[in-house]
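Dock chain B against chain A, hints included.
Note that the protein sequences, when read in sequence, are chains A and B.
For the record, in the first sequence the residue sitting at position 224 is 224 according to our numbering, with numbers rising by one throughout.
When you read off a place in the second sequence, starting at 1, and then add 1000, the result is the number in our numbering.
By construction, these hints were calculated from the structure, which means they are not laboratory data.
Because the structure is a prediction, the values reported are computed rather than measured.
C-beta atoms are modelled at their ideal positions from N, C-alpha and C, and glycine is treated no differently.
Be aware that one or more of the hints could be misleading.
What the hints assert, rightly or not - List of simulated lysine-lysine pairs, DSSO-like, C-alpha gap at most 27 Å:
1) K280(A) x K1244(B)
2) K124(A) x K1244(B)
3) K63(A) x K1006(B)
4) K155(A) x K1244(B)
5) K460(A) x K1244(B)
6) K204(A) x K257(A)
7) K204(A) x K318(A)
8) K1244(B) x K84(A)
9) K84(A) x K143(A)
10) K96(A) x K1244(B)
11) K63(A) x K1062(B)
12) K424(A) x K1244(B)
13) K1244(B) x K370(A)
Stated by the list, open to error - Derived list of chain A stretches under chain B, where covered just means 3 residues or more per stretch with a C-beta under 8 Å from a C-beta of chain B:
14) 70–79
15) 96–108
16) 317–329
17) 391–403
Claimed, not checked - Covered, in the sense of this in silico footprint (three residues per stretch, anywhere, with C-beta under 8 Å from a C-beta of chain A), are these stretches of chain B:
18) 1192–1204
19) 1226–1234
Read off the chains here:
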Amino acid sequence: MKSAKWLSLLLCTGLALSAAGCGSSGNNDQQGASSAPGSTTESSAPEEGGAKPELRMLNIWSKDDYNSYPVAKVIEEQTGYKVKYEMLPADKAMDKLNLLISSAEPYDVITIGGDKAVYTDYAKMGALVDLTPLLDQYGEHIKAAVSEESLEAMKVDGKIYAIPNRSSEFAAMSLLIRQDWLDKLGLAVPTTTDELTEVLKVFKEKDPGGTGDKGAPMTIDGSIPMIPNLTGSFGISHGWDILDDKLVSTPQNPGFKEYLTYVADLYKQGLLDKEFAVNKDATVKEKFTSGRAGVIPLGWYDIPMIADALAQNLPDAKYTYIPALKGKDGKQGLGMGGGFDRITFVPKASKHPEDAVKWMNAKLEKETFKLISIGEENKHYTFKDGVYSPILPIFTDERGLAVNYLTGVDEQNYPIYWQARVQKDQRLFEAFNYLNNELPAEARVAEPLAMAPTLPEFSKNNAALGQMVNDFAVKVIVGEESVDAVEAFVGKYNAAGGEASYKEVNDWYSASAAK
Amino acid sequence: MNKRTKGDLLLDISVYLFLIVLALVMLLPLANVFSKSVSEEWAIISGKVGILPIGFQLDTLKEVVSSAMFLRAFGISVGVTVVGTVLSIILTALTAYPLSKRNLPGISFLMVLFIFTMLFSGGLIPSYLLMRELHLINNLWVLILPGMISVFNMLVIKSYYESLPEALEESARIDGAKTYTVLFRIILPLSMPVLATIALFYAVGYWNDYFGPMIYINDTALKTLQLYLQDVVMDASAANVTNKSVDDLMNMSPEGIRAATVVASTVPILCVYPFVQKYFIKGVLIGSVKG
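The shape of chain A in the complex, shown without the other chains (with noise of 0.2 Å):
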């Protein structure tokens, strides 16, 4: 069994070699032995021959060791570049990460996730390498593929010092009910909040699921309390909306207090889970598939977890995600992720810039990208009506975590692209074509600090004051404090950074409109 597996896992890595030494791509002149790297198809490449450095390279966690999953010899193959590959741990990652750069350990490239505060107090540190003119020199794929916005958000005092992916943005949470409960009552889907109101009534009165009292309507995690979708519906889809051209932080906002209001009221008439504030993820996932909860909120990315439990348990359960519920006038809104979840830059330490920034070049011409990203055409996918479909299970075996291994992506391709990795399971792509596709374009909010240049004031507070404003509203909803405590919670929360906050980001808010 485990020979077998090993055998597989070389064949695959035979194939994927082969295959390659063959491709039809135009560069085929790169994949000639390393020992005679010379010719490069760019014609930027200055200097001729002569061995090309092997690159270490530090990256974020992952599940596979990034030397032997199969995308490192695609990369080495493509590039000619042997890189040598090191990751961070999953958890306290960043202190390490801290302890490696000011220690100076020669890493020539590193990713980290995408936090913009980490890598700008490296960048003003004078840690990192000021990529601005490695870019013009030896970037002409980098600069095709990653927008001029894109690098914009990435500057530190007028120059680039890192490579960010850009993530694509969708909706990925919403609010998932049991249509089988709704057709046994007879009820449709609410889309209004009033009729998820009514809906969440005839749950409690009826009890369809037969729990007696120890399900309940609604249930949600005690670290989320502003529910996805349901915030749409009271103008709040992020941490800061827009509103009347400004940018205002949740608190700031007057839905917040209406919000408040309306969950404390379904919490009071029992509506809603009276365990949420101590419920954790797993647990509103085990209320759902068990049959003791009728609504969640719930990431599309895990539907097939959930469908399969369900199937499991209670073979009669259907699913279903509410559309973009609408508020008393009208509002309504799914919250989309954007801004960038990897940046890479090249630390001061580097042994080998000029070679790191080649190296990312290569892998972001347009066909090498492609190939790194999905892979081959009938091998790991197949393409049919502007459609990519994975082939499985040689696209997860293969492609599953090439994630990990992009330093920028191909902006205008890789969402394209990208939606492969959603096909690998029919129930993942309805539930994400749902939100994302079905649901009118005026249900999803953009992210509007996605473009962001790293905000000083803002990366200081934002983690503690999100949290105050959850625990605030976890109060509020379980009748500790009264709805009226809004106004003094936001003075603590303006003097708490929340103010400055405010300032620092319409000041951007307001320079950036008016370009």
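Chain B only, in chain A's frame:
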């Protein structure tokens, strides 16, 4: 013997009850993790798995145990533990012996030097830089060399030596034994219980060491089992999940895999324990000195 009174009986019962509850408190979480590792994923998601597995299967465990990263990490941890323990126990026993002799020249100064290291350390970054200058970063020796002698363990062995009757050593010397003979033929054999106990301390320490590898080992190929385990388990912790991108969320290991990793890395050391334990109980000194 005296007849047992009611009070004795009551005490016995409450002691047994207490110990049973204590044992359950420790065993139940373990049983739960074990059940999760052999249950089907759907049952774990819906919170059905308690003490007994639901939908028994061994695929998850097989997948973990056959994973290259797990096997490599396991091998490295075993290697570090065995080599580290053997070296540590030899060096600690040898260091403790001269220090147990009051007539060693400069003994109080030497003791101060040792105690000093117990109280003060260089700090994280200086230590890291030192290890780097010694070319020990990404080198498995870094997990063994810096902590090879634990001063605390050394003091335990030293006081054990001191508790041995002076007469033993004197009689050996009268029979013509020199220092090394005394140490290896008389003192060390008599110290087996303490050496075995300390060896177990070292072994568990090396096996459980998480911080050292996290700081000094960057190379994926050299990760120890604890580091691997920590990564797998922490990957899904709430704090880490909130700043993950959707791609990362889609790639997250299911709960079953995490449970199986925990099981596969704990069961082996659990199996070793009973075999070492007998040394704790053995009394050796009885009867060595007559009179």
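Point to revise | Holds or violated: K155(A) to K1244(B), with C-alpha atoms at most 27 Å apart | key: holds, 23 Å
Check your understanding: Within 27 Å, alpha carbon to alpha carbon, are K124(A) and K1244(B)?
Key -> holds, 25 Å
Practice item. Quickly compare the C-alpha distance for K280(A) and K1244(B) to 27 Å and report which way the hint goes. Key: holds, 17 Å
Check your understanding: Taking 8 Å as the C-beta cutoff, is the stated coverage of the segment 391–403 of chain A by chain B satisfied by three or more residues?
Key -> holds (count 3)
Check your understanding: Do the alpha carbons of K460(A) and K1244(B) lie within 27 Å of each other, as the hint requires?
Key -> holds, 19 Å
**Study point:** Restraint check for K63(A) with K1006(B), where alpha carbons must lie at most 27 Å apart
**Key:** Violated, because 60 Å separates the two Cα atoms, which is more than 27 Å.
Practice item. Sort out whether K1062(B) lies within 27 Å of K63(A), counting only the CA atoms. Key: holds, 16 Å
**Study point:** Hinted pair K96(A) and K1244(B), Cα distance within 27 Å
**Key:** holds, 18 Å
Check your understanding: Holds or violated: the segment 96–108 of chain A covered by chain B, criterion of 3 or more residues with Cβ-Cβ distance under 8 Å?
Key -> holds (count 6)
**Study point:** Proposed proximity, K143(A) with K84(A) (alpha carbon, max 27 Å)
**Key:** Between K84(A) and K143(A) the Cα gap is close to 25 Å, so the pair holds against 27 Å.
Review point. When you check the alpha-carbon spacing of K204(A) and K257(A), does it fall within 27 Å?
Key: At roughly 25 Å apart (the allowed maximum being 27 Å), K257(A) and K204(A) satisfy the hint.
Exercise for review: Assess, step by step, whether the Cα of K424(A) is no farther than 27 Å from the Cα of K1244(B), and give holds or violated.
Suggested key: holds, 20 Å
Violation of the numbered hints given earlier is confined to hints 3, 14, 16 and 18; the remaining hints are satisfied by the structure.
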